[in-house]
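Given chain U's structure and the hints, the job is docking chain E onto it.
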Amino acid sequence: MPTEVVLPRLYERDIDVLLQEELIFNEAVCDVFSSALGLKAPFRVSECSLSVVDGSGETDLLARFLIEGKSGVLLIENKIDAAFQPMQPERYKARANKMAAGGQAAYCLLIAPTRYTGGNAAATHFDACVSYEDVARAIGSQGTERGKHRASLLLRAVHQAKSSYIVIPAPEVTMMWQRIYEIARTEFQPLRMKAPTDKRREFVVADFQRKSSIADNHRLESKKRCRGPIFLERSEAQARSLF
Amino acid sequence: MTSGTTAMFRVLVEKPSKGWVDLTDEQIRKSLKVAESLLNFYNTHAQKFEPAKLPSA
Chain U
7 MPTEVVLPRL YERDIDVLLQ EELIFNEAVC DVFSSALGLK APFRVSECSL
57 SVVDGSGETD LLARFLIEGK SGVLLIENKI DAAFQPMQPE RYKARANKMA
107 AGGQAAYCLL IAPTRYTGGN AAATHFDACV SYEDVARAIG SQGTERGKHR
157 ASLLLRAVHQ AKSSYIVIPA PEVTMMWQRI YEIARTEFQP LRMKAPTDKR
207 REFVVADFQR KSSIADNHRL ESKKRCRGPI FLERSEAQAR SLF
Chain E
194 MTSGTTAMFR VLVEKPSKGW VDLTDEQIRK SLKVAESLLN FYNTHAQKFE
244 PAKLPSA
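The listed protein sequences derive, respectively, from chains U and E.
Quick note: the first sequence uses the working numbering, first residue 7, plus one each step.
Quick note: the second sequence uses the working numbering, first residue 194, plus one each step.
Derived by calculation from the structure, the hints in this document are not laboratory data.
All clues stand as given, with none of them false.
Which stretches of chain U does chain E cover? Using the computed rule of at least three CB atoms under 8 Å from a CB of chain E, they are:
| hint | stretch |
| --- | --- |
| 1 | 178-188 |
| 2 | 191-197 |
In the DSS-like style, the derived pairs of lysine-lysine whose C-alpha atoms are separated by at most 30 Å in a straight line are:
| hint | chain 1 | residue 1 | chain 2 | residue 2 |
| --- | --- | --- | --- | --- |
| 3 | U | Lys-154 | U | Lys-46 |
| 4 | E | Lys-226 | U | Lys-200 |
| 5 | U | Lys-200 | E | Lys-208 |
| 6 | U | Lys-104 | U | Lys-46 |
| 7 | E | Lys-208 | E | Lys-226 |
| 8 | U | Lys-200 | E | Lys-223 |
| 9 | E | Lys-241 | U | Lys-200 |
| 10 | U | Lys-200 | E | Lys-211 |
DEER-style ranges, computed between Cβ atoms:
| hint | chain 1 | residue 1 | chain 2 | residue 2 | range |
| --- | --- | --- | --- | --- | --- |
| 11 | U | Arg-50 | E | Asp-218 | 42 to 52 Å |
| 12 | U | Ala-106 | E | Ser-230 | 43 to 53 Å |
| 13 | U | Arg-198 | E | Lys-223 | 16 to 26 Å |
| 14 | U | Ala-176 | E | Lys-226 | 18 to 28 Å |
| 15 | U | Leu-72 | E | Val-206 | 46 to 56 Å |
| 16 | E | Gly-197 | U | Ser-158 | 29 to 39 Å |
| 17 | E | Thr-195 | U | Ala-88 | 32 to 42 Å |
Backbone N, C-alpha and C fix where the C-beta goes; we use that ideal spot for every residue, glycine too.
Isolated chain U, as found in the complex (with noise of 0.2 Å):
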């Protein structure tokens, strides 16, 4: 008899490591991508690597494939609902080209909700795009109500970012947090903060990178609104530093 079990928000990050699981070991969810990418034939995931960074930026997922005797990459681009960062997709496909210039075949995709992509001219720089949904019917074929329980996580998902605010840049608070950024990145490297994206007005969010050998969760954010540009709270720490 299957428990009632009150789902959680996902994160982006969450919904990585759900599909890392699923791409290494549901043979349904590597089907959505293959056929995605108009292949031919089916492939199985041998190894599948989050967060992989290299001088051109991050993928999200890194997934090397066996098709038919050959070896290839996926580039996973996941997006719930944050914008593209500058040149992102083209730095996606970059990527790719690159590892293809070595002989083994690379496509770059994105997965994100159906709404994301619908009529997302960024989206076009990707080889194939996933959708949430289509994850969630793979997932749920299953059957089981475990495979059941994991694609609600991810409908739930989907659900989220439709109720999410849409940004409507504002132009100087980017630029404030793109020059917080670079002081960041190249004085105080530790702290490991994230590139920032367009931002709204009230934008008071720092979001810095931990070692993941500590907490997988590393988002420093404000719980309420403030006039100075950083209010930190470490929540999985409960140290706090208001300021």
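Below, chain E alone, put in the same frame as chain U:
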């Protein structure tokens, strides 16, 4: 200062101007320095905050 399982830090920094997007680079550096100190504090005391998530090595 601690309250239950919460550790609180109070640091002195300049009050931001009304148009806070006009902060100077030096003001930004001061704030980031505080953030760095907080991170160092956390890393130093990670065992206390998150004993289950510490690396095994």
